[in-house]
Structure formats: structure tokens, C-alpha cells
Amino acid sequence: MSLEEPGRAWVFGDDVDTDQITPSRFIVSTDPEELATHAFNDLRPEFSANVDSGEFVVAGKNFGGGSSREHAPLSLIGAGVDAVVARSFARIFFRNAINLGLPVMICPEADRIEDGEEVSIDLDAGTVHNHDTDETYDAEPLPPFLQDLVDEGGLKPYTRKKLDSA
Amino acid sequence: MTGKTITEKILSEKSGTDVSAGEYVEARVDEVIAHDVTGPLAVEAFEDVTGEDRELAAPDSTVFTLDHHAPADGVKAANNHNVVREFAEEYGAHQYEINDGICHQVMIEEGFVEPGDLVVGADSHSTTYGGLGAFGTGVGSTDLGTTFATGELWFRVPETLRFEVHGDLPDGVYAKDLILRFIGDVGFDGGTYMTAEYAGSAVGDLPIHQRLVLANMAIEMGGKAGIVEPDERVVDYLEHQAGLETSIDPDLASDDDATYEAVYTYEGSDLAPQVAKPSNPENAVDVDDVVGTDVDQVFVGTCTNGRYEDIRIVADALAGEQIAPGTRLIVVPASGAVYEKCLETGVLGTIVAAGGTFQSAGCGPCAGYHQGVLGDDDVCLATANRNFPGREGSMDSRVYLASPATAAATALYGEITDPREIGTDRYDDHATADPGVVR
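Same order as they appear, the protein sequences are chains V and U.
Under the working numbering, think of the first position of the first sequence as 1, with each following residue one higher.
Under the working numbering, think of the first position of the second sequence as 1, with each following residue one higher.
DMTMM-like mimics (lysine to aspartate or glutamate), calculated; alpha carbons at most 25 Å apart, straight line: (1) U:K76 x V:E34; (2) V:K156 x U:E90; (3) V:K162 x V:D148; (4) V:K162 x U:E52; (5) V:K162 x U:E152; (6) V:K161 x U:E23; (7) V:K162 x U:D117; (8) V:K162 x U:E13; (9) V:K162 x V:E152; (10) V:K161 x U:E55; (11) V:K156 x U:E55; (12) V:K162 x U:D48; (13) V:K161 x U:E26; (14) U:K277 x V:D42; (15) V:K156 x U:D60; (16) U:K76 x U:E86; (17) V:K156 x U:E52; (18) U:K76 x V:E33; (19) U:K76 x V:D31; (20) U:K76 x V:D42; (21) V:K161 x U:E52; (22) U:K277 x V:D14; (23) V:K162 x U:D53; (24) V:K162 x U:E90.
These are computed hints drawn from the structure, not numbers from a lab.
This structure is a prediction, so every number in the text was calculated from the model and none was measured.
Construct the entire structure; sequences and hints are all you get.
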């Protein structure tokens, strides 16, 4: 899959935890669109009103630490975010994003991207392109087991298939 | 052939394969748990993947609690509770009510979890079960909802970080201080994707209610699980706490030649009470560094430190005294059984007489929902597990994390206080009591 259409990068720092992505008081909803209206509510209040479909979240190390709430990746899906590119991810967020079909890319050079720059990603090639600086960064490939899961369409199709063959 | 860690052994056993760290497995899950925040999404995932013949793979080990917004603090929360109630009723799962308590405490008190079990919860503190020698890990709702249907889930077998504490712990130093020190040393992401394994004589000497604290906060170093090798103390605890007859498989231990990602070694006598400064659990310092910091609120509770023994420490420290004027003390027991025990033993009365507020069982203000949310510029010292910006309320509030003993001393003086200052003989008996019986 390739998302070659460039989109704005919303750049965040290190250790952005799930309380900052979706503050607790808003996670009484399970609706992605409603959750999207509160994404980064306290950390970056201008995000939800200004983010457009096809844009990207770019972060430093350990994005999505803390709570297991799936509301965090759901809020980004609801906001139309195409992918999250980070230097590293916390475990549960990473797993949740893959399960929900939100592309996540571990990109050691993510901190070369400045807020507001235009980026695009190529999931097949495993690269992130910065259109402002014309730089291309490599992302770490997924382990084969996870790549198979992604290729099946995520955990739900994978599970349906398993249940059908049981 | 090199030996295996306890993690590798459990995941090998549950997947019917012989695996080592780094390999992927599909494993049989022994218990699944969700609560009022993550449950509704798990229900949606379950309904999405199952066709016409919807049934739970294992209704007897599928458990729901209502703990985060309990009693309901708004209409949406109340509706979420009803989604959980109706689902559990329809599919025959266990469901616990408001005031029954926090998912992890309920699972342990009710005897769902045994040493060697594989437990997944749609709550990041599902690592808690490692205090019993089980492999517990937190997942999202989609993972959990599909596990409802299949009874299985995929795992990457994690590497293990080992923390060894030798010798004895000094008075006033508890499991909470150890885990804050460990997180401080490896960092908030220092154990990402890994198991934190706790060992050494000082860990072996810990009563189970304190071992649960070590396992509980493994997630605060990014850990997938936290685990203490089970022993006869676990057997005694489960018998008294849950009425459960268990025995320990002698092989349920890491081999001497197991491979570790890293081993951190501590001498117990070198350790002091710890406080994690705002706004990350990795900001651990010796209590000396922050003594005298004014606090507006002290919060005692959560799945980390809301057990009877924790609250008992506070009551013993406050007996016959008054908390500092201008300081709020909020106590939230981790379960209804803990609440009842506090009532029966006079602990509740002591805390109220000292000027504290004692609330119904559940997660309390830990995640900033209700029962003591912080305002702008409020400073809180909590026995909780997280102090992220805005976690307990305003983005401009600040939270320090510490042990129940430090919380009690701080409530007495209205500023962060070394728990050894107030005399550890006042409260130490219950800190080390074993087993902690709530029935």
C-alpha cells in the first residue's frame, strides 16, 4: 500500500502517552468521529479543529505509552490521519493500531521532520518522504508474522477466517 | 540448550510449542478481563468478528468489572455500564457490579488467577497478575474481543529484564519504592515489549500484596508483563484470600542459565523511600530530594496500592491524629471486600476521624474521571501508578507518586514527608503482614 499523496505532518515530542492523545474524560465514547474531536485536546488544542484527512502524526520515542485504551488510535482514525510515524512506539498502542488498520511506521529519523512539513509514506517500500526537504527516511520493516496479519487486513479478518475454518 | 525464563516457559506451555524470546506464538488464554471503559469496544469487536452463532470461547473465564466510572459519573458512563451488563447477561460471562472493585483486585480476590496462567486484560495494568506468578498482559479492545471468540491470542515471546534485590529492605521501604526505583533506572520505555522479572531475597520476602505492586507497574517501564517466581506464599495467599487450593509446579521458575536482556542488581539496605516527581513515573528520587513540597491532596488507592494493607498503613499512621489543615486526604479501596474489611476493623472510622474522605471502591480519581479530580495548580501525592500531565485532572496540576506510608506521613504534615520521620513502628506491622486476608 502506498500513500504517496503528501500531507501535513503534525509533529509531537517523546513519550506522548495515551492520556495525552485521548484524555480520560472523553473516552466514554466509542465513536471514532466523536473521539477525533478531542484528540490531543490538552496537549495541542488546535489539532482536532485543523487536522485534515490524509495528514500524518509524527512523533519521537515511545509514542502511545500508558493506558491500553483503543480510543487513542481510534481518535486518530476518526480524524482521518493516514499514518503515525514515530521513532518508537509503546507496545499496546502499536498492537492496537495494527489491529485497527492504522498504519504505524517505526522511523529512526522521524525527528528530522518539522511540524507543518509535507510528508508522504510508502508502506511497501517502508519509506517516509519529506517533500519540504526532499529527504527520504527508512522505516523498520514489520516482523513477518505481523506483516502477514496486516496483509490479511488486520486482526478481525484474521479471526473471522480462523473461526470459519474451526 | 540454554535455559528458559518463566515467561518463555508459560508461553511455551500455553502454545504447545517450545519457544524462546523473539518468536511469535498463538497461545491459549486462561482468563480475559475488560471493564466499563474498554468493555464496550471489546463487545463491538466480538460482535464484528462472530457470525450468527455468537458464543464466548470460555464464558466461565470471561470477566467484566465496572470500576473506572463507578458509580456512573455521567449518562455516557451509565450507558457503557448497561452495555457491559447486557452483554454479560446474554453470553453468560461473569460481571461484577459497581463497588465490587477494580478488575485486577476482583480477579485475584475471586480466585480466577493461578500461578502459571496466561491472563489478558483490556487494561494496561493487567501485568498485576505476575505477583502471583502468572503471565498477565494488557491489550486493546480488538485483541480482547477476538479472544472472547477464540480463546486464543498471538504473542511475541518477550525478552526479560531481571531486577534482583538482595538482603533486606530497610524500615519504611516497600515494594512501591522498589518499583519506582526500577522504573527510574531503566526509564519509561526501558522495558518496552519485555517482561520485568523480580527476584532476590528481598523480593522473596515480600508478602503477596506487595509483589502485586511490582508486577502492576511493569507497564510504567513499557513492560509487557511483570512477574515474580511463585512460591508457597502464593499458595497460602490464594487459600486465604480466594479460598483456592493450588500447588506450584516446581518447574514454574526461570532456569539458572536463562537468557536475560539485562540484569539489574540492588542491595536492599541501600534503598530509601522513593517519590516519582511530576510528570512521569520515571522521575524517581529519594524522598529526601522532595521533602517539604507542599501538597493540596493525598490520594490513597488504585490497583497499585488500594489494598487493605495499604489503607491499614495509612490508618495506623493517622490513628489519633488529624491530617494537616488545608490538605485533602482521599481514600478509595480497591474492592468492595477491602471496603468491608476497612469497615469491620475500624480502619474506615480512623481515616474519617482523622479528617480523610473514604469513598466507594473502584479506580477513584487515578485517571481523572471523578472522586477527587485536580484543579489548576493543585499538587497531589498519590499511591497511584501514573502522573502524566493532566492524568488526574487539570494539565496544570502536578502529581507525585509514592508508597502508602509516604502518603500517610505527607497527609499528616501537608507537605511531602519521609515516612521514617513519623516512626515506622506505628504502621510497619501491616505493611509486611502475610497473607493479606480480606475475607
